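Protein sequences appear in the order of chains A and B.
Its first residue numbered 17, the first sequence is counted upward by one per residue in our numbering.
Its first residue numbered 17, the second sequence is counted upward by one per residue in our numbering.
Just so you know, these hints were derived from the structure itself, not from any lab.
Hints may contain errors.
A pair counts as met if it fits within one copy or between any two copies, since identical chains are not told apart.
DSS-like, lysine-lysine: derived pairs with alpha carbons at most 30 Å apart [said to hold, decoys possible]:
1. Lys335 - Lys161
2. Lys204 - Lys216
3. Lys216 - Lys252
4. Lys81 - Lys252
5. Lys87 - Lys252
6. Lys204 - Lys318
As the structure is a prediction and not an experimental result, all values here were calculated from the model.
Number of protein chains: 2
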Amino acid sequence: MAETRRWYFARRPQHEIEADTLQLRTETLPALAEGQMLLRTLYLSLDATLRLWLSEWDLYIDPVKLGDPMKGFVVAEVVDSRNPNFAVGSLVTGLGLWSDYVVTDGSGYSPMPRLPGLPIGEAFGVLAIAGPTAYIGLHEIGRIKPGDTVMITAAAGAVGMITGQLARIHGCRTIGVAGGAEKCRWLKQELGYDEVIDYKRGNLVEQIRAVAPDGIDVLFENVGGEILDAGLTCMKNFGTVVVCGLISSYNDGEQRTPGPTMFRNVIMRRLRIEGFVVLDYIDRYPDYQQKLAAWMLEGRLKYRLHVVDGLENALESLKLLYSSGNNGKLMVRVAGDA
Amino acid sequence: MAETRRWYFARRPQHEIEADTLQLRTETLPALAEGQMLLRTLYLSLDATLRLWLSEWDLYIDPVKLGDPMKGFVVAEVVDSRNPNFAVGSLVTGLGLWSDYVVTDGSGYSPMPRLPGLPIGEAFGVLAIAGPTAYIGLHEIGRIKPGDTVMITAAAGAVGMITGQLARIHGCRTIGVAGGAEKCRWLKQELGYDEVIDYKRGNLVEQIRAVAPDGIDVLFENVGGEILDAGLTCMKNFGTVVVCGLISSYNDGEQRTPGPTMFRNVIMRRLRIEGFVVLDYIDRYPDYQQKLAAWMLEGRLKYRLHVVDGLENALESLKLLYSSGNNGKLMVRVAGDA
Numbered sequence: 017m018a019e020t021r022r023w024y025f026a027r028r029p030q031h032e033i034e035a036d037t038l039q040l041r042t043e044t045l046p047a048l049a050e051g052q053m054l055l056r057t058l059y060l061s062l063d064a065t066l067r068l069w070l071s072e073w074d075l076y077i078d079p080v081k082l083g084d085p086m087k088g089f090v091v092a093e094v095v096d097s098r099n100p101n102f103a104v105g106s107l108v109t110g111l112g113l114w115s116d117y118v119v120t121d122g123s124g125y126s127p128m129p130r131l132p133g134l135p136i137g138e139a140f141g142v143l144a145i146a147g148p149t150a151y152i153g154l155h156e157i158g159r160i161k162p163g164d165t166v167m168i169t170a171a172a173g174a175v176g177m178i179t180g181q182l183a184r185i186h187g188c189r190t191i192g193v194a195g196g197a198e199k200c201r202w203l204k205q206e207l208g209y210d211e212v213i214d215y216k217r218g219n220l221v222e223q224i225r226a227v228a229p230d231g232i233d234v235l236f237e238n239v240g241g242e243i244l245d246a247g248l249t250c251m252k253n254f255g256t257v258v259v260c261g262l263i264s265s266y267n268d269g270e271q272r273t274p275g276p277t278m279f280r281n282v283i284m285r286r287l288r289i290e291g292f293v294v295l296d297y298i299d300r301y302p303d304y305q306q307k308l309a310a311w312m313l314e315g316r317l318k319y320r321l322h323v324v325d326g327l328e329n330a331l332e333s334l335k336l337l338y339s340s341g342n343n344g345k346l347m348v349r350v351a352g353d354a
Numbered sequence: 017m018a019e020t021r022r023w024y025f026a027r028r029p030q031h032e033i034e035a036d037t038l039q040l041r042t043e044t045l046p047a048l049a050e051g052q053m054l055l056r057t058l059y060l061s062l063d064a065t066l067r068l069w070l071s072e073w074d075l076y077i078d079p080v081k082l083g084d085p086m087k088g089f090v091v092a093e094v095v096d097s098r099n100p101n102f103a104v105g106s107l108v109t110g111l112g113l114w115s116d117y118v119v120t121d122g123s124g125y126s127p128m129p130r131l132p133g134l135p136i137g138e139a140f141g142v143l144a145i146a147g148p149t150a151y152i153g154l155h156e157i158g159r160i161k162p163g164d165t166v167m168i169t170a171a172a173g174a175v176g177m178i179t180g181q182l183a184r185i186h187g188c189r190t191i192g193v194a195g196g197a198e199k200c201r202w203l204k205q206e207l208g209y210d211e212v213i214d215y216k217r218g219n220l221v222e223q224i225r226a227v228a229p230d231g232i233d234v235l236f237e238n239v240g241g242e243i244l245d246a247g248l249t250c251m252k253n254f255g256t257v258v259v260c261g262l263i264s265s266y267n268d269g270e271q272r273t274p275g276p277t278m279f280r281n282v283i284m285r286r287l288r289i290e291g292f293v294v295l296d297y298i299d300r301y302p303d304y305q306q307k308l309a310a311w312m313l314e315g316r317l318k319y320r321l322h323v324v325d326g327l328e329n330a331l332e333s334l335k336l337l338y339s340s341g342n343n344g345k346l347m348v349r350v351a352g353d354a
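All chains should be built: construct the whole structure from the sequences, respecting the hints.
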C-alpha cells in the first residue's frame, strides 16, 4: 500500500507554537472505496487563524482535537478516483489535511478551475482565502465608498496586501500599517498604497493623524492590541471598524487579553465594529474569485507569495506568521506546481 | 436685579466626583435684551454621561470647561420673554445650565408640550432622554425582531427600565441584569422582565447561560467591564451589541481602562457592536416621544423616578449614579411641578 506523511496535533501550546505542537508521522493509505478519491496535496495555505484551531477558545469552527490530524486550507490534485464528481487530473480546494496524500469522499472540497495564465500556486494563494477575505471585509462588512479613507493594519500580510489594492480600485484613499521600512516601501511603491505607517517607529496616533487629519472612515483590522487602539483613537464619527483578525492576541492561550483600551470610542465616535469569518461566505466565492482573477490577469492586483518547500517544514513555517517573519502570503509547497 | 444660584465646574476630578468638583455660586441676572427670555428651571436630569463632560476625554460633545457653568438636560418654564417664539408660561427642554434661572435667546432649547394626564416631572424624566435612548438603541441600532432574546444591563437604571419594556412590547424575550434582590424583584414583578440576573451574586456567565442557553440576540449594554464581558461570552452568532453606555469606566479619568477581554468574540461570534448618542437623533424626538407618551398614558410603560429636592443637592445626587445608589430615573427638582 502507498504511504503518506501526515501532521498530527500532539501537544497543546500554552503560548507560541512549539516544536512538539505538531508531529509528522508516516502512515499507510487505505485502498479507495467506491465514492472515494485519492488527493495529492500541492500547497498548504498557512493562515493566522490556524493558531486558534489549536487552542481551547470558543471558536467559529470546530477546533483540531488533540491527537487528530492537523487541518488547513489546501489545493490538491485528484490522482485516483472512484467518485464520478471528481476526475483524475482535476484540482480541488478546501479544508483538508496537512498530508502528502488524502483519501476522501470529497466532502469539504470544491473543484478549482485551472485558470489560463495563472499558475496554481498564485491562484490558490490569492483566490482561496486572502482575496475573498479582503473583498468581503471591504464591501460586505465595511461598505466602503469611493473617497473613503481606509486604513489597513498588517497591510503587508496576505489579506492586507490585497485589501489596500481593492480599496484603491474602488476609489478609496488607503493607509497601510506595517512593520519595517522595506515592507512600507513595497506597499507604497509597488502596491500603490497612498500612505504607509511603520508601526515600529512608534507614536502610532501621531503618525496616523499626520496622514489622516480628518480621521479614518473604515479601519480594516487584522492585528488588535495597540495598533487597534491607535486606529480607534483616530476614527471619524460614524466610522466602521471591520474586524478581520486580531493576530496580536492569538498566542495568548487561555489567558484573557485585555481588549482595546479605546473601546469607549464605539460611543464617542458612534462606531460600528463588526467581525466576520470568510467561511460564512463560501457560497459566493465564485463571484468574488472571478473579479479577483480578472484583476490579477490584468496586472491591477499585485501580490507577493512566500512559498516554503516541503511538508516537513510546515510547522516551523507557521510560526513566521506570529512574528511578522513572513514576506507575503505564506504557503507550503508540498508537491510543486502540477 | 434678580439673583440666581448656579453651579460651576471648579476642579477636575481624577476619579470619583468630589465635593469640590462643582461649586454653587450666587450671581445677578442681566436684564432681558430683545430676543431673550428668562427661564425658571423646574428639573435637572442627572445622567451618567455627565461625568464624562467633566473629563479630558475626546467626547461626542464639547465638554464643560473648567470655570464654566455646569451643563445638563433641563426642563424649564418661561417666566419672562422678549422672544416671540417662546411665550410666558410655556415649557422648554434642552441642554441648559444647573441654575435656578437662566437668561437665554433660546438656542439649544425646544418647546415641550404639556401632556394632559402626565405631570411635568414624569414626562421630562421619561421622554427627554431615557425613553428616546431606549427606543433608538433597540430599534435603530439593535434592529430588534419579535422573538429575539434581548439582554439589558443596568436594567433598573433610567434607560434600562424603559428598554426592557419596549423590547417586550415589540415581542422580544427580555433578560435584565441589575444589582441586588430588590431591583431584580421590581424588574420581574413590576416591569415584566422575563428573566432577571443579579450581578452581585457573581458567576454572570453561568447565570446568563441558565436563562439563555441558546445565547443572546441583542445585548443592550449600559455598563461595560465584567458585565459586558459576560454578555460577549454569551452572544449568539451574528448577534448585535448596542453600546449605549459604559458607566463602569466613567470614573477612570485619564487612566485607560482595559477594554472587554472577550472582544475577540466580535470575530468568533461575528458580532456587530455599535454605539450611539441620543443627541444625534434629536430631529426625530417628536416621533419617539409620541409613541412613548401614549404607552405611558395607557399604563403599558412603567417607570420609577428618583427625585431629589433642591438645586443645592445636585452635586451630591449626581454621585449616586456611579455607585448604583439611585433607585429609578435620577432628577433634581429645582422649582417643583408648575
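- Message: So, against the hints stated earlier in the document, which numbers end up violated here?
- Response: 1
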